[in-house]
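J.: As a plain string of letters, each chain reads:
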Amino acid sequence: MREIRLVLADDHNVMRRGLRLLLESQPGFLVVGEAADGRQAVEQALALKPDVVVLDIAMPNMSGTEAAQRIREALPATAIVILSMHSDESYVLRALKAGAKAYLLKDSAEGDLVDAIRAVSEGKAFFSPEISRVMAEDYVREMRTRGAQDSYELLTAREREILHLITEGKPNKEIATLLGLSLYTVETHRRNLQEKLKLHSVAELILYSVRKGLVSSR
Amino acid sequence: MVTAQGIGRRDVHRTGKPVTGSRIALIAGFGGLLIIIALSGLDGLRVLRKVRQEDDLIRRQFLLRNHLLNDIRSELYLSGTWVRDYLLDPDPSRAATFGASLENVHREMDVALASYERLVEPRESKEYGELRAQLMHYWNLLGPVLEWSAAERQRRGYAFLRDEVFARRTAMLEIAGRIGDINEEQLNAGNQRVVDLLDSFQTRLLLTLTLVLGLGLLMAAFTMRRILHLEDHAQARYLEVVEARSQLTSLSARLVETQETERRALARELHDEVGQSLSAALIELRNLSNALAGFFEEGARARVESVRGLVEGTLKVVRNMSLLLRPSMLDDLGLIPALRWQAREVSRRTGMDVLVEADPESDSIPDEYKTCIYRVVQEALHNCERHSGAAAIRIEVQRTGDELILRIADNGHGFDVSRSHGLGLLGMEERAAHLGGALRVRSNSKDGTTLEVELPFREVTA
Chain A
0 MREIRLVLAD
10 DHNVMRRGLR
20 LLLESQPGFL
30 VVGEAADGRQ
40 AVEQALALKP
50 DVVVLDIAMP
60 NMSGTEAAQR
70 IREALPATAI
80 VILSMHSDES
90 YVLRALKAGA
100 KAYLLKDSAE
110 GDLVDAIRAV
120 SEGKAFFSPE
130 ISRVMAEDYV
140 REMRTRGAQD
150 SYELLTARER
160 EILHLITEGK
170 PNKEIATLLG
180 LSLYTVETHR
190 RNLQEKLKLH
200 SVAELILYSV
210 RKGLVSSR
Chain B
0 MVTAQGIGRR
10 DVHRTGKPVT
20 GSRIALIAGF
30 GGLLIIIALS
40 GLDGLRVLRK
50 VRQEDDLIRR
60 QFLLRNHLLN
70 DIRSELYLSG
80 TWVRDYLLDP
90 DPSRAATFGA
100 SLENVHREMD
110 VALASYERLV
120 EPRESKEYGE
130 LRAQLMHYWN
140 LLGPVLEWSA
150 AERQRRGYAF
160 LRDEVFARRT
170 AMLEIAGRIG
180 DINEEQLNAG
190 NQRVVDLLDS
200 FQTRLLLTLT
210 LVLGLGLLMA
220 AFTMRRILHL
230 EDHAQARYLE
240 VVEARSQLTS
250 LSARLVETQE
260 TERRALAREL
270 HDEVGQSLSA
280 ALIELRNLSN
290 ALAGFFEEGA
300 RARVESVRGL
310 VEGTLKVVRN
320 MSLLLRPSML
330 DDLGLIPALR
340 WQAREVSRRT
350 GMDVLVEADP
360 ESDSIPDEYK
370 TCIYRVVQEA
380 LHNCERHSGA
390 AAIRIEVQRT
400 GDELILRIAD
410 NGHGFDVSRS
420 HGLGLLGMEE
430 RAAHLGGALR
440 VRSNSKDGTT
450 LEVELPFREV
460 TA
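In the order they appear, the protein sequences are chains A and B. Residues 0 to 217 in numbering that gives the first Met the number 0 are what the first sequence lists, from first letter to last. Residues 0 to 461 in numbering that gives the first Met the number 0 are what the second sequence lists, from first letter to last.
FYI, nobody ran anything at the bench for these hints, they're computed from the structure. For clarity, every value in this text was computed on a predicted model and none was experimentally measured. Glycine included, each C-beta is placed from N, C-alpha and C at the ideal position. Take these hints with a grain of salt, some might be off.
So, partial list: chain B residues that the calculated Cβ filter (under 8 Å) puts toward chain A [what the hints assert, rightly or not]: (1) 244; (2) 245; (3) 246; (4) 253; (5) 271; (6) 274; (7) 286; (8) 289; (9) 291; (10) 330.
If we strip away everything but chain A, and leave its shape as in the complex, we get (with noise of 0.2 Å):
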């Protein structure tokens, strides 16, 4: 197994240290640099091109979310994992709207950030459990009080099969492939989705994805 390089950036030392030390504990992981804050954080993943950058949300000098959205547009191939100490759904969009694959709570890293680590190297979106419990009864509870219908039935078959698939992370291509299906009319289908669900951006549709308790947070 190839081992995953990484980069873990977060302001407090105990903190750093003490990740390193849970990573760097479990085979196949290798901690290639570490950053005090956001900018330095983004020098060390353009110099490293680490497989995946673990990011606090809130550091000095550039924000976890801002330094997600360099390394993502210089590093398309570079996985990012937020931790953060917010669990709401607010938090969580930006971060997946800054490039994230991942969004920790930091009370529960030290459980989850290992399984996190691994799902996001293999392309996959993570959340902490509780993320993924919360937004899914907030869900429920804003569609009662909305009275609006779910949006989610309106799906056929095929498009939900392919949301999933877009929840993984995977790009349109690889959806055809595994699906047997042309490319156009795997963007037809997702257009199709996207305009009942009235969600315009991967993040949007991530973030649905978890609302509606379809991504496994194992």
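Position chain B against the provided structure of chain A, taking the given hints into account.
T.: For chain B alone, coordinates are given in the frame of chain A:
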């Protein structure tokens, strides 16, 4: 404390005395004025009545006297005629009839004279006396003539008539004319008396009028001065109150600001420092647990796990405290995400449906406005949760031109707005007022409660 009280009491005394003093002065002044006016009116009525009586009396007496005088005159003429007819008629029986008529006239004249005598004024007593003497003499002269025989009458009649009767009659008529003149003078004098009476009344009236006018002017000046003084006093008090109120408002605004700053700092400290340290501790505990795995028994790991549980609990408490103090998303993500978060939290905790409808552009407002709205919503949701019994709450934030409108409506059982002045409502009102806005509350048991806050922008700095 004691001196302050002493001064206060003296102050009350000082302001109390002139008020009673001026009150007495006002009552006395206006009362006196009214009494003078009333007395002068009564005097006027009395004078008018007296004038009318006097005038009446004078006129009646004049007429009566004049009438009697004319009677006397005409009887004098008549007596002359009867005397002439008596003297010149040769027929004795007819002469006797004339004589009887003359006697008759004599009696009537006596009656008229007696009547007049009762009315004689001092001024005409001389003339009257003269007239009466002449008349007595006249009748005395005529007395023996009636005894005359026909021959005597024929012989002496004409001469007697010419020398005695007509001459005397002329003299007596002259006296009567003088008395008539005096009578007329009396009438004029009576009129003059009435005029004098009216004149004196006029003078008195003029005096009273001057007095009333002067006193009135004095009273007006005094009252005016007093009122102006009181007005100044009231104005000064009013300004004091306004000043005190503005000081209070700015103080409370500063208090709110300070509180907000402190909360923000505390929340940050708790979240970033304490929270981070606890998170790090959790990681380290996990590492410790991993490290122990190979070398110690399960008991040691269980101890570590129990410590981890404690730290995790503490971390949750710290995060909640921090969020309650000031949610970081208000500063990190803006107002609307913070409101949505709060709505979800309340919804999760209470089971109420909380809906947030907000224009995306209502997030581009200055920080103090965001804080104000956030806090008002927080307080309102708190109130709904505790008192309203509502099942659903709707929060709307609209930005229209230069105004921001926040509306919070619940479907609970409402409350009496005019009677309930909780600190919560007061606090919201104060926050809104601090930004030049206003809070309106409508509530009834049927439609629930609607809170509305209007915040005007003086300058949009966002």
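J.: Evaluate each hint against the coordinates.
T.: Going down the list of hints, with the structure as the test:
Given the 8 Å rule on beta carbons, the hint for residue 244 of chain B is violated: about 40 Å separates it from the nearest Cβ of chain A. Among the interface hints, the one on residue 245 of chain B is violated; its C-beta lies about 39 Å from the nearest C-beta in chain A, farther than the 8 Å criterion. A distance limit of 8 Å between C-beta atoms decides the matter here; for residue 246 of chain B the minimum to chain A is near 40 Å, and the interface restraint is violated. The interface hint given for residue 253 of chain B is violated, since its Cβ lies 30 Å from the closest Cβ of chain A, which is over the 8 Å cut-off.
Annotation: interface hint on residue 271 of chain B holds; nearest CB of chain A at approximately 7 Å, less than 8 Å. For residue 274 of chain B, the interface hint holds, the least distance from its beta-carbon to any beta-carbon of chain A being 6 Å, beneath 8 Å. The criterion of a C-beta within 8 Å of any C-beta in chain A is met by residue 286 of chain B, whose closest approach is roughly 5 Å, and the hint holds. With a least beta-carbon distance of about 5 Å to chain A, the hint placing residue 289 of chain B at the interface is held under the 8 Å criterion.
At a threshold of 8 Å, the smallest CB-CB gap from residue 291 of chain B to chain A is about 12 Å, leaving the interface hint violated. Against a cut-off of 8 Å between C-beta atoms, the interface hint on residue 330 of chain B is violated, since the closest Cβ of chain A lies about 11 Å away.
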